[in-house]
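Engineer: Below, each chain spelled out in residue letters.
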Amino acid sequence: MNDLTPNSLRAWPDARGRFGEFGGRYVAETLMPLILELEQAYRAAKADPEFQAELDFYLKNYVGRPSPLWHAKRLSAHLGGAKIYFKREELNHTGAHKINNCVGQILLAKRMGKTRIIAETGAGQHGVATATVCALFGLPCTVYMGAVDVERQKPNVFRMKLLGAEIVPVSSGAATLKDAMNDALRDWVANVHDTFYIIGTAAGPHPYPELVRDFQCVIGNEARAQLMEAEGRLPDVAIASVGGGSNAIGLFHTFLDETSVKLIGVEAAGKGLHTNEHAASLNCGRPGVLHGNRTYLLQDHDGQILEAHSISAGLDYPGIGPEHSWLHDIKRVEYVGITDDEALTAFQLCSKLEGIIPALECAHAIAHIIKIAPQMSKEEIILLNLSGRGDKDIFSVAKYLGTEL
Amino acid sequence: MSRIAGVFTALRQEGRGALIPFVEAYDPDRATSLTLLKGMAENGADIIEIGMPFTDPMADGPTIQAAGRRGLLAGATLKGVLGLVHEFRKTNDRTPLVLMGYLNPIDSYGVKAFCEDAAHAGVDGLIIVDLPPEEADLVLPDASANGLDVIRLVAPTTSDARLKQVLAGSSGFVYYVSITGITGTRTASAADLARDIPRIRAVTDLPIAVGFGVRTPEQAATVVAHADAAIVASVLIETLCKETPEAVIRDVRALAEGIKAARKAA
Chain C
1 MNDLTPNSLR
11 AWPDARGRFG
21 EFGGRYVAET
31 LMPLILELEQ
41 AYRAAKADPE
51 FQAELDFYLK
61 NYVGRPSPLW
71 HAKRLSAHLG
81 GAKIYFKREE
91 LNHTGAHKIN
101 NCVGQILLAK
111 RMGKTRIIAE
121 TGAGQHGVAT
131 ATVCALFGLP
141 CTVYMGAVDV
151 ERQKPNVFRM
161 KLLGAEIVPV
171 SSGAATLKDA
181 MNDALRDWVA
191 NVHDTFYIIG
201 TAAGPHPYPE
211 LVRDFQCVIG
221 NEARAQLMEA
231 EGRLPDVAIA
241 SVGGGSNAIG
251 LFHTFLDETS
261 VKLIGVEAAG
271 KGLHTNEHAA
281 SLNCGRPGVL
291 HGNRTYLLQD
301 HDGQILEAHS
311 ISAGLDYPGI
321 GPEHSWLHDI
331 KRVEYVGITD
341 DEALTAFQLC
351 SKLEGIIPAL
361 ECAHAIAHII
371 KIAPQMSKEE
381 IILLNLSGRG
391 DKDIFSVAKY
401 LGTEL
Chain F
406 MSRIAGVFTA
416 LRQEGRGALI
426 PFVEAYDPDR
436 ATSLTLLKGM
446 AENGADIIEI
456 GMPFTDPMAD
466 GPTIQAAGRR
476 GLLAGATLKG
486 VLGLVHEFRK
496 TNDRTPLVLM
506 GYLNPIDSYG
516 VKAFCEDAAH
526 AGVDGLIIVD
536 LPPEEADLVL
546 PDASANGLDV
556 IRLVAPTTSD
566 ARLKQVLAGS
576 SGFVYYVSIT
586 GITGTRTASA
596 ADLARDIPRI
606 RAVTDLPIAV
616 GFGVRTPEQA
626 ATVVAHADAA
636 IVASVLIETL
646 CKETPEAVIR
656 DVRALAEGIK
666 AARKAA
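As they're listed, the protein sequences go chains C and F. So the first sequence is numbered by this note's numbering: it starts at 1 and just counts up by one. So the second sequence is numbered by this note's numbering: it starts at 406 and just counts up by one.
A couple of the hints might just be wrong.
As the list claims (entries may be wrong) - Beta-carbon label-pair distances, calculated as ranges: (1) F:Asp597 x C:Phe137: 27 to 37 Å; (2) C:Ala398 x F:Asp542: 44 to 54 Å; (3) F:Ser549 x C:His301: 19 to 29 Å; (4) C:Arg111 x F:Leu478: 39 to 49 Å; (5) C:Gln40 x F:Asp610: 25 to 35 Å; (6) C:Asp329 x F:Leu478: 28 to 38 Å; (7) C:Phe137 x F:Ala659: 46 to 56 Å; (8) C:Ala135 x F:Gly411: 58 to 68 Å; (9) F:Asp597 x C:Thr345: 54 to 64 Å; (10) C:Phe395 x F:Ser549: 51 to 61 Å; (11) F:Gly480 x C:Thr345: 50 to 60 Å; (12) C:Ala135 x F:Ala566: 49 to 59 Å.
To be clear, the hints were calculated from the coordinates, so they are not data collected in a lab. Glycine included, every Cβ here is placed at the ideal spot set by N, Cα and C.
Chain C extracted, bound-state conformation:
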């Protein structure tokens, strides 16, 4: 099956934390020793059956794994083509895939003897998941969140507070995810002795892109087995939305060497790829270095980082995880753009046809399914990572639709 590739695409990153030319460890010296320590601790944990057993325990009994695989019959029939399956990550505790990674990282933090947790969040899903595991393990938690996102994701801000986290609104830059990450990194530099930074996406300095991916691979591994049981075969298309890209890489990774499986990542095209208001770093950006890794970035001709735009706070980031940059360059994954308007239509269609209100992030992937499913045969299978539920988005969607709540 794999005769054209002498080396597995699943074997990356290399010893320098690189996926091809992407990734790496571009951090200030103050953080470098910590990143190296984290890498060592992670290698040891990965090789320790007790760590794996503990992780499995929490994933099963606290998160509620395995998440179901759902045959979306009404959506499939409506589109009149491929058979569409949803991997129901929105049914996890806290309502998104983010918790998979948070459980893994907090167990690692405990193992390293860290006593304080920080995190950045965009849509608030990662912040809620981090605040949740901090409550569970009794660790103090500080979440950095762009002031704009604090405003458009009020329910999640309140959730985090209920869970005992301190929320720090960040008003520098565009006051969104990128700026929250800057301030989280600044906090980390100032509190290196006791603090563990739980990064929410498969980006940042090595080993974060690798370890976040590994903790999210449970999505693809389960879905693959579930689909084999339901259909006796692999999907023809596996599709997911990409902001930083953790839910997408979690779904894709198991299929990277399966050349029969077409992989599609859906970027936020905001008001359109031809405008300046989108978050499509792969389709419209170029490689550079930000937040500790080399990756595709939205930047101007002088290397200054541009603000991203998306209706979805979770996709509103001018970069992307480095493994996606590499998969884009080697053309293993196709990355497409979906606009705010298209995502809103898909958001409503999925809600009405399947009784599932998807997160606006996933609505982007559903919008692309609306485009491709009708052109596929009824025997073909599309596997979607339904990575989060949309309850958090009802206020912003209502606003876009002109409805008063």
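Let chain C serve as the given structure and place chain F on it in line with the hints.
Structural biologist: Frame of chain C, contents of chain F only:
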């Protein structure tokens, strides 16, 4: 001998430490930066560090973040910063200039072209905050080929075992980030410096400059009692915001006096 090495050799003979004040380029405009560079050089600055504005300065506190934003609003680009250096060099061929910034704008400019253009403009050294030794091979060959010192950052978190690796391939001076934190926040104590500086001396003959949190002439004097240079940034930017470029130069003069009065630690 490079300008930087020349300055430290002369100061060693004089028996005093160096003052390295900081100017964020184009804050709030190009003309002010040029006035500051000239005024600082005439009033006790031994070396000047020039900040290259970046949208996402992860190691900087609120003061330098805001200065960078003002610089970008005033139209700062890397080409513009090099132009500023070029103009300064027309009247000053003596004071070493070190550019401090983040990797992405340099990467975007092209590392080779940037090193060539920087050397041509009269830059002496580079401090790239987010380029640790693990990634430094990206810049070192072109920097050395163009006679630019690549100044390494050492932090309190840098272990003795790691120090050797960090300092391999560095030149000019060592920049000791004296606190775990961002610029312009905490200040290292004399006891901290007495503990930390000998650790670095043990592995390098390069001069050691201390930055992050040095604000007053007294603190600068404490720093050079242990190390070879004091880097002062955030407090000068605060003065520029509240007062005038002349007030900044007045403060530089006071800092230089503080350093001259300092006694070397036994």
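Engineer: Determine for every hint whether it applies to the structure shown.
Structural biologist: Here is what the structure says about each hint:
no., hint, verdict
1, F:Asp597 x C:Phe137: 27 to 37 Å, "holds, 33 Å"
2, C:Ala398 x F:Asp542: 44 to 54 Å, "holds, 52 Å"
3, F:Ser549 x C:His301: 19 to 29 Å, "holds, 27 Å"
4, C:Arg111 x F:Leu478: 39 to 49 Å, "holds, 46 Å"
5, C:Gln40 x F:Asp610: 25 to 35 Å, "holds, 31 Å"
6, C:Asp329 x F:Leu478: 28 to 38 Å, "holds, 34 Å"
7, C:Phe137 x F:Ala659: 46 to 56 Å, "holds, 51 Å"
8, C:Ala135 x F:Gly411: 58 to 68 Å, "holds, 59 Å"
9, F:Asp597 x C:Thr345: 54 to 64 Å, "holds, 60 Å"
10, C:Phe395 x F:Ser549: 51 to 61 Å, "holds, 56 Å"
11, F:Gly480 x C:Thr345: 50 to 60 Å, "violated, 41 Å"
12, C:Ala135 x F:Ala566: 49 to 59 Å, "violated, 38 Å"
Checked against the numbered hints listed earlier, the structure breaks hints 11 and 12; every other hint is satisfied.
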